[in-house]
Structure formats: C-alpha cells, structure tokens
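Heads up, the sequence shown is in the numbering used here, so the first residue is -10 and it goes up one at a time.
Honestly, the hints are just simulated from the structure, not real lab data. Where is the CB? At the ideal position from N, CA and C, for every residue including glycine. Don't take every hint at face value.
[Claimed, not checked] Calculated pairs, BS3-like style, for lysine-lysine (alpha carbon to alpha carbon, straight line, at most 30 Å):
#1 Lys9 x Lys19
#2 Lys9 x Lys42
#3 Lys48 x Lys(-7)
#4 Lys89 x Lys19
#5 Lys80 x Lys42
#6 Lys102 x Lys89
#7 Lys19 x Lys37
#8 Lys37 x Lys9
#9 Lys9 x Lys(-7)
#10 Lys(-7) x Lys19
#11 Lys61 x Lys19
#12 Lys37 x Lys61
#13 Lys9 x Lys89
#14 Lys61 x Lys89
#15 Lys80 x Lys61
#16 Lys89 x Lys48
[Claimed, not checked] Simulated restraints, written as ranges between beta carbons of each label pair:
#17 Asp(-2) x Leu119: 50 to 56 Å
#18 Leu95 x Ala63: 33 to 39 Å
#19 Pro(-3) x Arg112: 16 to 22 Å
#20 Ala63 x Lys(-7): 30 to 36 Å
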Amino acid sequence: MVNKAESPDALEQLLNHGNKEVCVVEMTRKVGQDIGNSTRWTVMAELKRLGVKIIVGAKAIEVTDAGLRIQKEAREELLPADSLVIATGSKSENALASLKDLVPELYVIGDAKEPRNALEAIREGFLTGLTI
C-alpha cells in the first residue's frame, strides 16, 4: 500500500475477500454455538463479507492429497483443498499438576483444568492472580 505496488481496487479485493477460498466444515447443525449471540452475529457477518463457505451437519472423514473428504447425511463429497486447518476441540493436559507436592502453592487453571473458551480461561487466570 505504501509503495503503491497494488491498485486501490486490488487492495480492496484482498481486504474484503483475501486470496484463498475458505470453507468451514461444522459437525453440528449450527456454526458458532459456543459464542454469544451478539458476537456470533458479528462473526457470521464478517465470514459472509469475506466469502467464507460454511457447511453444517457434515463430518470430516479423510484428508487426501486432493483435499478433504466429508460425509453429510449419507452422502460423501470431496472438497478440493491445498491447505487445511483442523479444529477438533481440546482435552485437558495437566501433567504439571503432579508437582503439587514439590512446591508451596500450585494452581491449575485454563484448559489445564477444563477445556473452554479463551475469555473464560483469561478470567480464571485473572481471578487466580488476585488470590496470590
């Protein structure tokens, strides 16, 4: 932008769509169920503005050289892709909690305690910090 390597129209296109086709595959019937309604509305509006395709009620069953094979109802489909980002949820990992007998104080917080969203983990970290 500073060196005017791209035209204003090209920059606007990149800003509003990017240079990749993006598709979100969601197993449930509604995407973004775990975020608040007002936040969800904003996120969904941005995804629409950016041209993100959303497929709900589908399950990823295989990653291939050509893309991602999904199953929706009884039908299988291959989504061509050159890049994949996989978000499969999280599981607590708190092996360091075993140090509790070696230190005077130990607090297990965030996803180490229980998987959840970032705001909840940040709040828990803040409240723990207040008690120390």
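Lys102 paired with Lys89 [C-alpha distance capped at 30 Å]: The given pair, whose Cα atoms are some 14 Å apart, holds under the 30 Å limit.
Verdict for Asp(-2), Leu119 (Cβ pair) under range 50 to 56 Å: Given about 51 Å between the Cβ atoms, the range holds.
Using the Cβ atoms, figure out if Pro(-3) sits within 16 to 22 Å of Arg112. violated (42 Å)
Is the hinted pair Lys9 and Lys89 satisfied, with a Cα-Cα distance of at most 30 Å? violated (47 Å)
Take a quick look at whether Lys61 and Lys19 sit within 30 Å of each other, Cα to Cα. Holds. Lys61 to Lys19 sits at ~14 Å (cutoff 30 Å).
Within a Cα-Cα threshold of 30 Å, do Lys89 and Lys48 meet the stated pairing? violated (40 Å)
Pair hint outcome, Lys(-7) versus Lys19 [Cα-Cα no greater than 30 Å]: violated (42 Å)
Between Lys9 and Lys(-7), does the CA-CA distance stay at or below 30 Å? Given pair Lys9, Lys(-7) holds - Cα atoms ~22 Å apart, limit 30 Å.
Hint check: Lys48 vs Lys(-7), CA-CA at most 30 Å. Holds or violated? Measuring from Cα to Cα gives roughly 44 Å; hence the hint is violated.
Would you mind confirming whether the straight-line C-alpha gap from Lys61 to Lys89 stays at or under 30 Å? At roughly 46 Å apart (the allowed maximum being 30 Å), Lys89 and Lys61 break the hint.
Agreement of Lys19 and Lys37 with the hint, judged by alpha carbon distance not exceeding 30 Å: Cα-Cα ~15 Å, so holds.
Would the hint linking Lys37 and Lys9 be met if the CA-CA limit is 30 Å? holds (14 Å)
Going through the hint list in order, the structure does not satisfy hints 3, 4, 10, 13, 14, 16, 18, 19, 20.
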